[in-house]
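The whole structure should be built from the sequences, with the hints applied where relevant.
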Amino acid sequence: MRYFRELNDGFSRIAELLKKLNVRRTCIAVLPSNEHYPILADLFDAIAERQDLDLKVELFHQREAADEWLGSFHINGD
Numbered sequence: 001m002r003y004f005r006e007l008n009d010g011f012s013r014i015a016e017l018l019k020k021l022n023v024r025r026t027c028i029a030v031l032p033s034n035e036h037y038p039i040l041a042d043l044f045d046a047i048a049e050r051q052d053l054d055l056k057v058e059l060f061h062q063r064e065a066a067d068e069w070l071g072s073f074h075i076n077g078d
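Residue numbering for the sequence shown follows the numbering used here, beginning at 1 and increasing consecutively.
Just so you know, the hints here were simulated from the structure itself, not pulled from any lab data. The C-beta atom is built at its ideal place from N, Cα and C for all residues, glycine as well. Just so you know, not all the hints are guaranteed correct.
Result set (EDC-like, lysine to aspartate or glutamate): computed pairs, CA atoms no more than 16 Å apart in a straight line [stated by the list, open to error]:
no., residue 1, residue 2
1, Lys56, Asp45
2, Lys19, Glu49
3, Lys19, Glu68
4, Lys56, Glu68
5, Lys19, Asp67
6, Lys20, Asp52
7, Lys56, Asp42
8, Lys19, Asp45
9, Lys20, Asp54
10, Lys20, Glu35
Label-pair ranges, simulated between beta-carbon atoms [stated by the list, open to error]:
no., residue 1, residue 2, range
11, Arg5, Arg63, 21 to 27 Å
12, His36, Ser12, 16 to 22 Å
13, Glu64, Glu16, 30 to 36 Å
14, Phe73, Asp52, 15 to 21 Å
15, Arg25, Ala65, 17 to 23 Å
16, Phe73, Asp9, 17 to 23 Å
Following this line, the structure appears as structure tokens:
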């Protein structure tokens, strides 16, 4: 339980930093994926939503797939 509280605090600080830097939309590709990452990605998504950020987190096993996914977003509003 303490571990998840610490993760929540850490992710909350990251979300607050993004907001302070006026980053409202971002995408994060995580490589390599492992069995713990889905829980962490869900936690980060929930915190970002609570902080009113448009944050996309996706897990990948291969760099090519991550690059393709990241390339599909227009971060600057294009």
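Results for each hint:
Between Lys56 and Asp45 the CA atoms are separated by roughly 7 Å; this keeps the pair inside 16 Å, and the hint holds. Of the supplied pair hints, the one linking Lys19 and Glu49 holds, its CA atoms being roughly 12 Å apart against a limit of 16 Å. Annotation: proposed proximity of Lys19 to Glu68 is violated, straight-line Cα distance about 26 Å (limit 16 Å). Distance check on the hinted pair: Lys56 and Glu68 sit about 14 Å apart at the alpha-carbon level, within 16 Å; holds.
Restraint check for Lys19 and Asp67: not satisfied, since their Cα atoms lie roughly 25 Å apart, outside the 16 Å limit. As the CA atoms of Lys20 and Asp52 are separated by approximately 12 Å, the hinted pair is consistent with the 16 Å bound. Restraint check for Lys56 and Asp42: the C-alpha separation of about 10 Å stays at or below 16 Å, so the hint holds. For the suggested pair Lys19 and Asp45, the alpha carbons sit about 14 Å apart, so the restraint of at most 16 Å is met.
A hinted pair counts as satisfied when its Cα atoms are at most 16 Å apart, and Lys20 with Asp54 qualifies at roughly 14 Å. Restraint check for Lys20 and Glu35: not satisfied, since their Cα atoms lie roughly 31 Å apart, outside the 16 Å limit. For Arg5 and Arg63, the Cβ-Cβ distance of about 33 Å falls outside the hinted range of 21 to 27 Å, so the restraint is violated. For the pair His36 and Ser12, the supplied restraint of 16 to 22 Å holds, since their beta-carbon distance comes to about 19 Å.
For Glu64 paired with Glu16, a C-beta distance near 33 Å keeps the hint of 30 to 36 Å intact. A beta carbon spacing of about 19 Å between Phe73 and Asp52 agrees with the range 15 to 21 Å that was offered as a hint. For the pair Arg25 and Ala65, the beta carbons lie near 21 Å from each other, so the given range of 17 to 23 Å is met. Look at Phe73 against Asp9: about 28 Å separates their beta carbons, and that is not inside 17 to 23 Å.
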